[in-house]
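Number of protein chains: 2
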Amino acid sequence: MTSIRERNKELILRAASEEFADKGFAATKTSDIAAKAGLPKPNVYYYFKSKENLYREVLESIVEPLLAASQPFNQGGQPADVLRAYIRSKIRISRDLAYASKVFASEIMHGAPHLSAEQTAQLNEQAKHNISCIQAWIDQGLMAKVDPHHLLFSIWAATQTYADFDWQISIVTGKAKLDDADYEAAAETIIRMVIGGCEVSEGSVKPVKVVG
Amino acid sequence: MTSIRERNKELILRAASEEFADKGFAATKTSDIAAKAGLPKPNVYYYFKSKENLYREVLESIVEPLLAASQPFNQGGQPADVLRAYIRSKIRISRDLAYASKVFASEIMHGAPHLSAEQTAQLNEQAKHNISCIQAWIDQGLMAKVDPHHLLFSIWAATQTYADFDWQISIVTGKAKLDDADYEAAAETIIRMVIGGCEVSEGSVKPVKVVG
DNA sequence: GTCTATAAGCCGATAGAC
DNA sequence: GTCTATCGGCTTATAGAC
Numbered sequence: 025m026t027s028i029r030e031r032n033k034e035l036i037l038r039a040a041s042e043e044f045a046d047k048g049f050a051a052t053k054t055s056d057i058a059a060k061a062g063l064p065k066p067n068v069y070y071y072f073k074s075k076e077n078l079y080r081e082v083l084e085s086i087v088e089p090l091l092a093a094s095q096p097f098n099q100g101g102q103p104a105d106v107l108r109a110y111i112r113s114k115i116r117i118s119r120d121l122a123y124a125s126k127v128f129a130s131e132i133m134h135g136a137p138h139l140s141a142e143q144t145a146q147l148n149e150q151a152k153h154n155i156s157c158i159q160a161w162i163d164q165g166l167m168a169k170v171d172p173h174h175l176l177f178s179i180w181a182a183t184q185t186y187a188d189f190d191w192q193i194s195i196v197t198g199k200a201k202l203d204d205a206d207y208e209a210a211a212e213t214i215i216r217m218v219i220g221g222c223e224v225s226e227g228s229v230k231p232v233k234v235v236g
Numbered sequence: 025m026t027s028i029r030e031r032n033k034e035l036i037l038r039a040a041s042e043e044f045a046d047k048g049f050a051a052t053k054t055s056d057i058a059a060k061a062g063l064p065k066p067n068v069y070y071y072f073k074s075k076e077n078l079y080r081e082v083l084e085s086i087v088e089p090l091l092a093a094s095q096p097f098n099q100g101g102q103p104a105d106v107l108r109a110y111i112r113s114k115i116r117i118s119r120d121l122a123y124a125s126k127v128f129a130s131e132i133m134h135g136a137p138h139l140s141a142e143q144t145a146q147l148n149e150q151a152k153h154n155i156s157c158i159q160a161w162i163d164q165g166l167m168a169k170v171d172p173h174h175l176l177f178s179i180w181a182a183t184q185t186y187a188d189f190d191w192q193i194s195i196v197t198g199k200a201k202l203d204d205a206d207y208e209a210a211a212e213t214i215i216r217m218v219i220g221g222c223e224v225s226e227g228s229v230k231p232v233k234v235v236g
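Those protein sequences? They're chains B and C, same order as listed. Numbering follows our numbering, with no gaps: position 6 of the first sequence is 30. Numbering follows our numbering, with no gaps: position 67 of the second sequence is 91.
Bear in mind the hints are in silico, worked out from the structure with no lab data behind them. Every residue gets a Cβ at the ideal spot worked out from N, C-alpha and C, and that includes glycine. Honestly, I wouldn't trust all of these hints.
Dumping the calculated PhoX-like pairs for lysine-lysine here, alpha-carbon to alpha-carbon at most 25 Å [unchecked claim]:
1. B:K169 - B:K201
2. C:K201 - B:K75
3. B:K47 - C:K73
4. B:K152 - C:K73
5. B:K53 - C:K47
6. C:K169 - B:K199
7. C:K152 - B:K75
8. C:K201 - C:K60
9. B:K53 - C:K199
10. C:K33 - C:K53
11. C:K201 - B:K201
12. C:K199 - B:K169
13. C:K73 - C:K47
14. C:K47 - B:K73
15. C:K152 - B:K199
16. C:K47 - C:K75
17. C:K65 - C:K75
18. C:K33 - B:K201
19. B:K53 - C:K75
20. C:K201 - B:K152
21. B:K47 - C:K33
22. C:K53 - B:K47
23. C:K60 - C:K47
24. C:K152 - C:K169
25. C:K33 - C:K65
26. B:K53 - B:K65
27. B:K169 - C:K201
28. C:K201 - B:K47
29. C:K73 - C:K60
Simulated restraints on C-beta separations [unchecked claim]:
30. B:K199 - C:D163: 19 to 25 Å
31. B:Y70 - C:A59: 34 to 40 Å
32. B:E34 - C:R38: 42 to 48 Å
33. C:H138 - B:P137: 21 to 27 Å
34. B:K53 - C:Q102: 51 to 57 Å
35. B:K199 - C:P137: 54 to 60 Å
36. B:E30 - C:S85: 47 to 53 Å
37. C:E208 - B:R29: 21 to 27 Å
38. B:A92 - C:E149: 46 to 52 Å
39. B:R29 - C:P137: 34 to 40 Å
40. C:S55 - B:A51: 45 to 51 Å
Please model the entire structure based on the sequences and the hints provided.
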């Protein structure tokens, strides 16, 4: 059953995501969140106690999806398949959870002052695991010798940029909003650079060779 | 001659860069900037008139270096050489102008409310030019058919991430600060993905071919 | 030119009526 | 549970002494 409570909390959370993403934590006014949600300001405090609490709920809503995106690394499989699936998941997050994604990015940029130590640790553990997976592939000769850290940083950056810097992307592409084909092209470009650039093994076919 | 005026302005600008980069515009207190500069707060207002003015000076200090980084595209040359030089310039900016770089990123994330229309236009023009260069190379068969927009977004993201998300990079690498070798490895990883992944012609040697 | 001391206003938070 | 009306603290900005 969707009580008034649940409906209002949802309205506030949605409004807060947008406001925090657009302006950042400090520049966002709770009165603006309330106005965007179509509710009086004290309701915001009634449901969420404080601005910081509300912010944390928005922020933490993205952590689980981010961890879930690393599933391909946890399940194992051919390097190229894992990387492709990972990149597509990350792009999907940028597209479908754009606001929370941006809030997360802003938070990380400023040293994650609001993220719980536990969640920071979880994300860090997952990153370490992904890096050791990539290192193992390299050791097995399944891909070129690149530094796994830097490869991961590039994948994060290239996929997140579609949420974080959407304004710039709109300007340069001349499109107010990217459509499905644009996101598909983005994913393919990144996949090409990662799989091709790092000469990642496809598994079933023989490793790609480059001739001069 | 370096008058007290110039020295103080410089102290304030430097302190402001760090504070704005660390906390963002809204969360930064002018009293903290003054304290970090070792000067009384009214000096900040005496030299810069307002917080916003000071912020704009920090912000705009990065525009020229950013435009200069695109020089390789303006000078022409072999595709691989141009892209390599461009990527190295962008990485250098992330390393040497980390604070201003981060302020710029934060600004773009929030829709560039403080950037002048003129500078926005300049940066956009340069981006458009770089994109048409890449498109021309593709049309001439000098590189694979990738969408130049997405290629450029990936390069921007992958290079800027070292300034913008330095906190995350420190955590994952376990290093408080990256050294020259780390930046070199970063540049090489990105160059490999771009040149290799997009099969960019080296010019002197024949175009790379991939065989299954 | 420099700095102490203060004004002015904004915004997070809540008391208390309904 | 909901909302009007208001408080209180914090921060930008400056007046005015030196």
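Determine whether the Cβ-Cβ distance between K199 (chain B) and D163 (chain C) falls within the hinted range of 19 to 25 Å. 22 Å, holds
Is the hinted pair K201 (chain C) and K75 (chain B) satisfied, with a Cα-Cα distance of at most 25 Å? 33 Å, violated
Mind checking the hinted window 51 to 57 Å against the Cβ distance between K53 (chain B) and Q102 (chain C)? 52 Å, holds
Starting from K169 (chain C), check that the Cα of K199 (chain B) is at most 25 Å away, please. At roughly 21 Å apart (the allowed maximum being 25 Å), K199 (chain B) and K169 (chain C) satisfy the hint.
Starting from K199 (chain C), check that the Cα of K169 (chain B) is at most 25 Å away, please. 21 Å, holds
When you check the alpha-carbon spacing of K201 (chain C) and K47 (chain B), does it fall within 25 Å? 29 Å, violated
Range hint 45 to 51 Å (beta carbons of S55 (chain C) and A51 (chain B)) holds or violated: Violated: the Cβ-Cβ distance is about 18 Å, outside 45 to 51 Å.
Verify the proposed pairing of K33 (chain C) with K65 (chain C), using a straight-line Cα cut of 25 Å. At roughly 13 Å apart (the allowed maximum being 25 Å), K65 (chain C) and K33 (chain C) satisfy the hint.
Would you mind confirming whether the straight-line C-alpha gap from K201 (chain C) to K60 (chain C) stays at or under 25 Å? 21 Å, holds
For a C-alpha distance cap of 25 Å, please report whether K73 (chain C) and K60 (chain C) respect it. Roughly 18 Å between the alpha carbons, so the hint for K73 (chain C) and K60 (chain C) holds.
Distance restraint between K201 (chain C) and K201 (chain B), which requires alpha-carbon spacing of 25 Å or less: The given pair, whose Cα atoms are some 37 Å apart, is violated under the 25 Å limit.
Sort out whether K65 (chain B) lies within 25 Å of K53 (chain B), counting only the CA atoms. 10 Å, holds
Consistency note: the structure conflicts with the earlier hints numbered 1, 2, 4, 7, 9, 11, 18, 21, 28, 35, 37, 38 and 40.
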